[in-house]
Amino acid sequence: MDFNECKLEMVNLFDKDIDHKSLTGLLEHIQHCPDCANEYREMEKILSGLKPKTQLNAPILLKQNIIIQLSKMEEMKNSTSRTFGISSKVRKILSIAALLAVVLIITPFVVKNDAFMNGTAKAADIFITSSIEATHLIKSMIIKLKVRTISDDSFALVGTEYPMVDHTIWKSFENPVKWRVDKGDRVAAFDGNSQYLWLPKTEEGIKAGPEINFTEWLQILLNPANILSQEQKLTKERGSKLTMNEKNGLLNLTITSKARGNFINDYCKNKSIEESDNRREYTFDNVTKLLKGLKIYILDGKKETLIVEITSIEYDLKLDPSRFVINLPVGVEWKEYNQNFTSETFRNITSQRVAELFFGGMARDDWKLVGEACDFFSSTSEKARSVKNQFSGLKVIKIGEPFKSGLYPGEFVPYEIRLKTGELVKHNLAVRNDNPNKTWIVDGGY
Amino acid sequence: MGKANGHSTLKELGEVITEFQDQLFRFAFFRTGSFADSQDIVQEVFIKFYQENSHLSSVKNIKFYLFKSISNACVDYHRKTRKLKFEVLDKLIQTSDLQEADALQNLIHREEYNRIEELLNELPNEQSEAISLRVLDNLSFAEIAAILDVPVTTVKSRFKYGIDKLKTKIVNSKEVSYGL
Chain L
1 MDFNECKLEM VNLFDKDIDH KSLTGLLEHI QHCPDCANEY REMEKILSGL
51 KPKTQLNAPI LLKQNIIIQL SKMEEMKNST SRTFGISSKV RKILSIAALL
101 AVVLIITPFV VKNDAFMNGT AKAADIFITS SIEATHLIKS MIIKLKVRTI
151 SDDSFALVGT EYPMVDHTIW KSFENPVKWR VDKGDRVAAF DGNSQYLWLP
201 KTEEGIKAGP EINFTEWLQI LLNPANILSQ EQKLTKERGS KLTMNEKNGL
251 LNLTITSKAR GNFINDYCKN KSIEESDNRR EYTFDNVTKL LKGLKIYILD
301 GKKETLIVEI TSIEYDLKLD PSRFVINLPV GVEWKEYNQN FTSETFRNIT
351 SQRVAELFFG GMARDDWKLV GEACDFFSST SEKARSVKNQ FSGLKVIKIG
401 EPFKSGLYPG EFVPYEIRLK TGELVKHNLA VRNDNPNKTW IVDGGY
Chain E
1 MGKANGHSTL KELGEVITEF QDQLFRFAFF RTGSFADSQD IVQEVFIKFY
51 QENSHLSSVK NIKFYLFKSI SNACVDYHRK TRKLKFEVLD KLIQTSDLQE
101 ADALQNLIHR EEYNRIEELL NELPNEQSEA ISLRVLDNLS FAEIAAILDV
151 PVTTVKSRFK YGIDKLKTKI VNSKEVSYGL
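Line by line, the protein sequences give chains L and E.
Each residue of the first sequence is one higher than the one before, starting from 1 at the first, in the numbering used here.
Each residue of the second sequence is one higher than the one before, starting from 1 at the first, in the numbering used here.
If you are wondering where the hints come from, they were derived from the structure by calculation, not from laboratory data.
Heads up, the beta-carbon is just placed ideally off N, CA and C, and yes, glycines get one too.
Mixed in with the good hints there might be a few duds.
As the list claims (entries may be wrong) - Partial list, computed: chain L residues near chain E (C-beta under 10 Å):
1) K51
2) Q69
3) I397
4) E401
5) S405
Can you make the complete structure from the sequences, with help from the hints?
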């Protein structure tokens, strides 16, 4: 390379992508040409002067903010579609789920929305957003937990008097997302397309789209990242108390909340997390930022009862795809989830009348009528036949005054019946008509 | 479920953000002079990038796409706000939501960028753009050419003329060092 060529090409020495041949040619010439060497040094000096002495990097929360914002957008999109066709009972449970996890940002975060955030709020914010980000990087998880509940009842039901029931959650985050939630006598699964709910005791298999929430409050544990961001919003509306401390590489977050709902009649008090005064204790790994544990206590005066406890969480294990498929026994088929209740008999009447018709139908073996209020009794399965036989020929002793309690959108109707075996049953029938047709259905309590 | 579920694509986006966020933030900051606005611009560009591309891996040149988007966003920013590139430092600090230590660190960054901007202000825009993209944003001449939509040879010429002008300025003012 000669002097003129070097003058012309020298600018390439300041390119990132200079090819080896040009580099060698230029450097060889510069080594032997004092003028070009001087020119090169001067250019280098100028450029050095233009380089910042301090390296400016993106704010630490930039990435997390983007992920959170997109998570929120997706969550909003999903919740919009999820709301359609969901009973308000399920919606209630959704809100329970929402309450459960992350009231973590809580008051300090909200209060310091202006100017300078205080240290605790900022630390909590950074940690939570890191945790959300970390959750987005995992491929699978298995959560084992114990919940005081009844093994064949809803995933939302809790009670201090109930035994601890083992639950397991499997989730694969890889596309398509799949999960399974199993509490022994109630199993829900999502295979990437449809949700399935299997109730072995009554041999009911229900199939629904992804928009329905079969897992009720346990959904919080299936979608921790989304719930975290959702809870940020919820905490702005509710007063909760947050404490945060670090010990032995673990970050402990404790949230204490008051029960929500109407408790003039306290029948529903402490029957779900949200309907109880409760304390939620989260443990995160301070390095991986992933959830390590959760304990929820129901608080009743000075007494506190452990109601939920995660016993183990494992991440990124290989999961057998068959885990997300529920195989039904021979003769049982999946029934499509239906919220389109059309019975005219159960419209424009009181809840007390619903109970009268329901038990009256059982007494007369009018299973068509009973089935209009409670779909289970329309089934011809062996289990349904067995339950019908149990109630067949019952005698109604008393139907009491309906009442409302907690967050349940329907009403409870007290009743006393005598079965043909002579057994006296006293309970509250749960009925609701919060569907588009305003048709009463029997939701439970029999 | 795919993107509706968010997980795998957000993860993919997270990797892209990790790779480019610092470069893009510097790029935006040098063009706006504002931390908050740079953050907003970069954030909005990544969100739009994610929303407009169902398969991020199918975007041919992600780096080019992002730099071009930030560049356009900065042009829009100046069109809308007609703000001075660097605002009064006191005002910026007052309105910052950063803690004291962060604010101090950012003050240092801002002074440093002020110093560089003063030097580049002496040059025609085209030349200062070529130099800042190369030196501050660490882009290759080919990448700069793609973003500015001009031939590589033009970028090299602008770069070279710019350096020559700075050299002349330094000689004239007898400032041998720029605070090195």
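Closest C-beta approach of I397 of chain L to chain E relative to 10 Å, hint status: Violated, because the Cβ-Cβ distance from I397 of chain L to chain E comes to roughly 51 Å (cut-off 10 Å).
Q69 of chain L as an interface hint toward chain E, with CB separation required under 10 Å: holds (6 Å)
E401 of chain L as an interface hint toward chain E, with CB separation required under 10 Å: violated (47 Å)
Status of the S405 of chain L interface restraint (C-beta, 10 Å, chain E): violated (36 Å)
Minimum beta-carbon distance criterion (10 Å), K51 of chain L to chain E: Status holds, d = 6 Å.
Of the numbered hints stated above, those contradicted by the structure are hints 3, 4 and 5, listed in ascending order.
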